[in-house]
Amino acid sequence: MAEIESKKGEIYELKAELNSDKRERKKEALKKVIASMTVGKDVSQLFPDVINCMQIDNLELKKLVYLYLMNYAKTQPEMAILAVNTFAKDCNDPSPLIRALAVRTMGCIRVDKITEHLCEPLRKCLKDEDPYVRKTAAVCVAKLYDINQQLVFDQGFLDLLKDLLSDSNPMVVANAVAALSEISEQSPQIQVFDLNGPTVNKLLTALNECSEWGQVFILDTIANYPPKDDKDAQSICERITPRLAHANSAVVLSTVKVLMKFLELIDPNSEFVQNLYRKLAPPLVTLLSTEPEIQYVALRNINLIVQKRSDILKNEMKVFFVKYNDPIYVKLEKLDIMIRLTNSNNIAQVLAELKEYATEVDVDFVRKAVRAIGRCAIKVEPAAERCVNTLIDLIQTKVNYVVQEAIVVIKDIFRKYPNKYESIIAILCENLDSLDEPEARASMIWIVGEYAERIDNADELLEGFLDGFKDENNQVQLQLLTAIVKLFLKKPTETQELVTKVLTLVTQETDNPDLRDRGYIYWRLLSTDPKAAKEVVLAEKPLISEETDLLEPTLLDELICHIGSLASVYHKPPNTFVEGRFIMKKKLPFRTGIHHEYEDITTMQTNQQQQQQVVISSNVGSLIDDFDMLGPMSNTSSTTMNTFEHTQQQTSSAIPNLLDDELSSILGLDSNVGGHQTPMMNTNTSLPINRLTTSTGNDLDDLFGDINLHTGPSSISFSSPNTLVLPKEIWVSAQKGKGLEISGTFARRNNQIVMEMDFTNKALQSMNDFALQLNRNSFGLTPLQPLQILNPLFPNQTIPIQLILNANGPIMKMDPLTNLQIAIKNNIDIFYFNCIVPIHILFVHNGEIDKMTFLQTWQDIPENNEIKYQLQNINNLSIDDLQNKLRLNNIHTITRTIIEQKEMLYQTIKLTNGIFILIELKITPGNRTIAFSLKTKVPDVANLIIQAYELILSSN
Amino acid sequence: MIHSLFIINEAGDAFMEKHWKTVVSKSICDYFYEAQKKCVNPEDIPPVIATPHHYLINIYRNNLYFVAVLTNEIAPLFVIEFLHRIMDLFENYFGECTEKSVKDNYVIVYELLDEILDSGLPLITETNILKELIKPPNLLRKVAHFVTGDSTNTTLPSKQLSNIPWRPFDVSYRNNEAFFDIVEEIDAIIDQNGTIVMSEIQGYIDCCIKLSGMPDLTLNFVNPRLLDDISFHPCVRLRKWESEHVLSFIPPDGNFRLISYHIATQNTICMPIYVKHHIQYREGSSGRFELTVGPKQTMGKSLENVIIECTMPKSVLNCTLTPSQGKSTFDPIKKILIWNIGTIETKTQNSAHLPTIRGNIILVTGQPIPESNPILNISFQINQLAISGIRVQRVDMNGEIYKPYKGVKYITTVKKGRFQIRT
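Chains A and B, in that order, give the protein sequences.
Under my numbering, read the first sequence as residues 1 to 956, first letter to last.
Under my numbering, read the second sequence as residues 1 to 423, first letter to last.
Watch out, some of these pointers could steer you wrong.
[As the list claims (entries may be wrong)] Covered stretches of chain B, as calculated for chain A (at least 3 residues, CB under 8 Å):
no.	stretch
1	21 to 31
2	41 to 48
3	186 to 200
4	369 to 382
If you're looking for bench data, these hints aren't it; they were derived computationally from the structure.
Here a beta-carbon is modelled for each residue, glycine too, at the ideal position from N, C-alpha and C.
Based on the provided sequences and hints, a complete structural model is requested.
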């Protein structure tokens, strides 16, 4: 009660003071009001009294009133209207300071009636003569947009704001950019900026003179500009590079973002890029000697940069060494980057550091350090042994959590280097009792199961674990089940009892469906086909990849576009965490050049989790091959069978049916093809697909095509002209394609360009949702119809694809000319790759011209367009054969004469885009060298034509 | 953009809030408190915290947390830099930025916050301009206040939109002076054997410029090539640096940081100090502890304010140590040993006279012997020496006719806790 009284009293007192005649008292009272407001006290009751103070012509007082208004206008809209007149008056004040203040304050008051009155003054202020007013007004448009979007469109404020991008004052430009960014952040679907060359140029000019904050906005905007070509990108890079030396870390990181993005467009081997790499490292390192919060954000971004372009920081390992008094979030990030930078040159240093960290006080950090040692071992093969020794040293310390972490990573090391370090198993087993964390227990059990044949008392050990089976974590239970089955397969005689025990336990006494089902599968496998069981359970496991912890490449590329943003801190694309907003997916620009940057990224599996699944799936279903031969075993099998039937009866009848179906399908396949289920499925499914993707006549043509090539010249060739087809080469390796391997070639069949590919699934999951896209290219090649693969592609299956291309798509000159950029998508990812279209595929069949035209054209083309070359007739073909062979590939001989005992052949080629190429061949009998000269209006293709000739002549 | 700001003290009391758009309830700070609870040390709170509808970005400085609330995607560094800038500004206005100084100056703080951000976008952040708009609280102001009854400038700060927004145009001093402090901080880790694991130098040139009018200064270095990784104050002409390696600039008025630079680890620096250590635990809950400190490569300058700090393992109960020089204290709760040595003269090269501390460590009975030896944290200062060897050749002034007094000072020091010796 007393408190409320006193509060009332306080308000009452303030009210009296606000209404005092003395200006001084008024001001003091207002200050008290503001102070109360600042700490979150409600002083809204004083609204009318404060409004009254507005009339006084004193800037300080006015500002205080405005502060109050901004806070409380919303709660008292009716009263707030009273202030409108004063605002209107202030917007015409001779002092720019007051004009700006008025329009700024009005923008902050979110009351409809006030907003209506804001439009006119705002329009005037956007064109005010004073830049201070203009820059304030620019921000005000963004505020208005926040309150009422429609009003901004209706009143044309957006265009006025865009006009400010060309303002003479850099501060105004910067604020206009900031306001526009804010608007586009709210409504990404609107094209707020028209980013073109001239605009960017203006922004770059303003960049040098505006405030540091403005620089951040401008740089972030420039990052969204797609440069026209590599020259454009390079010149922008040159202009912004000095920003790397800015004292404000936000400016530095925004600059880094633009550079990282535009670097994509520039030839990575150019001197420019190498120079830029040198310039990028120091500012990034400098960010690490700033406040810890800045270090953290910088480290998260460096983590991305190192994954994308590890060269930039390859010599800077030492700056990532951890200080014991770094905040924990900095320590963990530094550790991660250290591992990414580790290579065989610096591993010794890194290991020494990691060992040091493993003795620190902070438990979380110590764990991460131990894990890091394991990651080093997997990453740097030559140092694996040293890493293992370091881990052993750490295990000897007997510090509980260190031992557990060490065992978890040693399991991974075993996976990576099988049959190399098993000698240490004994040391691991000594620590069995101290393991109390599920992951460590599961890892230890895995090791025991995997190497059961080398551990004498493996059965005892596992039995020990089995005692407390029900209290174990699910992960441990699953691992224990598999381990015991492995043990049984390896030492069947001694362990029957154990395996029966565990199978009974999981099938009858557990509620976990995963565990129970796995139990059933093992049981059934063991009882029906022990050989298959062995093949499955003890199958060779895929090696774990060294870079399992890398970000997935498309995600990495997207994140590179968001360097410096929250997305870069979370390593997640913004659309996954920015609430309720539609975000344009940003992509790195695509360089129109030779090989693309995906080469350095080798990710098979993206995370530990997935690996775990891989292990499990390879273990599912399994048995022994010498099962039948061993006498005592039949006993086991019958017992198992019996028990199994027993359980079947016990459980509801639906389950066995389900199991039967599943199992018989797996086992059926296994028994047929001896463990390799895929070839059979392959033959089953690939035929229909083949028919689907190729037009009906083509299958026959295929045959003829092959015959043609093998039989060489004459007869059939004219009826069905098929050109030389190069053997398929691998376009996407399974490693790069996350298990999808694509090999392909180009052919010309029935006067159509055909892209022939083999898709092979080398992953462990089936693939579907395939789609293909060609980038714009020099000859306008586009698919005639979309890629159609109706059935999923199963593991280890290969399907041939034929895709007919036509040449009337959009054109973009590539380098080399015949370069074709292809994107293939499936349910796993999108893959980009380049391939070269052999130019002879583009020779059309109707490229013949008559002699006169030939002569005319030959003379029309200037002399310096003539290209001469010495061709080798490697196979020593007769002139007829030669002619036929070329004819097959749509190189038409127009006429043939003998001049000075030399055979002269005049030939033409027409490309899909209508370009004619005229060729003269001079053949001296008995000499394998053919004098070749070529004339065309487009000399760019000349070298490719020469290559085509050589290829055709050397083909069989 | 920055939506709101809360200033929170270590006790978890959000004693100041400012909203630039709509009001965000104070309860948003609960997410921050939650993160705070999980951390042992006050500085361990992650700088970016995600909540269902907002992002919180915080900085920790002077025992205060500045927590910014954001609603949409914005560069976190932008916010962090900005928060630090606010702290700098408060320090500049009130001499220090503490809970007390903020509370004492609520209205000015509020006015400042309103002036530096408009709707979450930075408006004016240059201290010089702000000081013209909002006068700092000082005695003079109070006097002026009584005389005129008004303390706010009603005219637009004149130079605010010129090309040199950092300098007011009507500066005038009776004594024209320009002081440059070249401060270098060593950041290093040294291992058990005295090998340098990593070392780097973080350098600054802090200026105190009191010059009238529009002086145009040029700073020449004897060896500018040492500096290859620099961050410049916006006033420095970049082209001039790139082409001639001189710092040319029209300075802001008063104190500011002209450049900060970073000299990397590749060319290992000569350490000015070394420590010989002998720490051994013995069975039966005791141990020996002995340290000897000596100067090394100091170019004849003495080491001042030498302090060694050492956090002992948890199993250490107490230490009985006697230093040959200075004072030592051991805090048995935090397990921190502090040995305040004072000055080490270079003349005492004779190892017999080097400062030494030795004595016994008593371990908690029953506890295992500690795994590892403690890390030593050393701090010291050397005057008149820049450890990197950087030297100013000359300072010139153009644009004004008077003759200023110019001074350059060199200091080598250690950033708190950044010089570590593993034992």
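Contradicted hints - numbers only: When the structure is compared with the hints, none of them turns out to be violated.
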